[in-house]
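**Q** Next come the chains, spelled out residue by residue.
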Amino acid sequence: MNSTASLERGYRRLLAVYPRAFRRENEEEILAVLLATAGQGQRRPGLAVSADLIRSGLLMRLRPTVPHSARTVRAAVKLIYLAALAELAAVITIVSTSGVVLGYVQRTAPAASHAAALSLTEDEITGPIGIVVLLWLAWAIGRRHAWARVAFIIFWGITTLGILAALAEDAAVAAPADFAVGVLAWLLQLTAVLLVFAKQSAPYYRPESAEPADRLPA
Amino acid sequence: MQEATFLILTSLADSSQHGYGIINDVAEISGGRVRLRAGTLYTALDRLRMDGLVEVDREEVVEGRLRRYYQLTPSGTKLLAAEAARLQANAAAAMRRLNPLGVVT
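Read top to bottom, the protein sequences are chains A and B.
Throughout the first sequence, residue numbering follows the working numbering, covering 1 to 218 in sequence.
Throughout the second sequence, residue numbering follows the working numbering, covering 1001 to 1105 in sequence.
Same shape as in the complex, but just chain A:
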């Protein structure tokens, strides 16, 4: 096998790091640039170039792909990521303060301690699930999936019910830290819901959307 073919194969393997849609449109072109910048007789991708391709490819997979022109959607996606972070903080708070909270319930309302322990365990299980769902929704909302908007408002509704249930259980008194972080996550979600359903966000989800930011056909 000649050196160019072997080098090309090496580059193609590295380019697999990029999202498929990006590859479909750009792989041949990037490959041409990579081969043009390679040294004479080079058989394998160099270390620095490989690292750069892997880094850029991963970055492209992770970063939100909402154009600057869709300002409300961009802000909403960022807020949902923040809400996921707040949710993580809530789980950490719940786990690290569960001893204190249970002790408090034991002292003030011993009859409720079983229910309180159950409620904390429940939160420790649903919290991480909520984080995963939020990350997934942020991703889908950024990628123009109209169903994700609906799913997100349903998710927010469930979070609201959770907050109301916590209020009914006197969580604000028994577990003030847990409750505060929970309310923060809820507020972030509420703001994101308002942004996602704002009038300025609507064109982003229209199938025939003629945003200037739309990808040009390859």
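Don't read these hints as lab results, they were simulated from the structure.
Even for Gly, the Cβ is constructed at its ideal location relative to N, Cα and C.
Be careful, since some hints might not be right.
Chain A is nowhere near these chain B residues, computed Cβ spacing over 12 Å in every case [to be verified]:
(1) THR1010
(2) ASP1014
(3) GLU1028
(4) GLY1031
(5) GLY1032
(6) THR1043
(7) ARG1047
(8) SER1075
(9) ALA1081
(10) ALA1093
Quick look at which bits of chain A chain B covers, simulated, 3 or more residues with Cβ under 8 Å [as the list claims (entries may be wrong)]:
(11) 20 to 28
(12) 43 to 52
(13) 67 to 79
(14) 95 to 101
(15) 148 to 154
Please arrange chain B on chain A, whose structure you already have, making use of the hints.
**A** Relative to chain A, chain B alone:
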């Protein structure tokens, strides 16, 4: 705006260029200081296209390989002009204050 982005836009300011051309041009503009790698360049181009600052001018096939030429959009030109003016104003202010000290030759 990051320097690499600024230099990419600058390389497209007066004519359209293909990827390899941009890399060479950016190296030249920056006096060899900034050497873009293909991964970085195409991540930036993708972002710039998504933001409507850069667009594809035309495509060619040279020696069996695809070559795509990029150009600035009107909003890309406007943004680059604004950024260049901002940098120039900052640099001028720095020079004005350094000159009396004899630091700048």
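**Q** Take the hints in turn and mark each one as holding or not.
**A** Outcome of the hint check:
no.	hint	in the structure
1	THR1010	19 Å, holds
2	ASP1014	21 Å, holds
3	GLU1028	15 Å, holds
4	GLY1031	19 Å, holds
5	GLY1032	15 Å, holds
6	THR1043	4 Å, violated
7	ARG1047	8 Å, violated
8	SER1075	8 Å, violated
9	ALA1081	18 Å, holds
10	ALA1093	28 Å, holds
11	20 to 28	holds (count 3)
12	43 to 52	holds (count 3)
13	67 to 79	holds (count 3)
14	95 to 101	violated (count 0)
15	148 to 154	violated (count 0)
Checked against the numbered hints given earlier, the structure breaks hints 6, 7, 8, 14 and 15 and satisfies all the rest.
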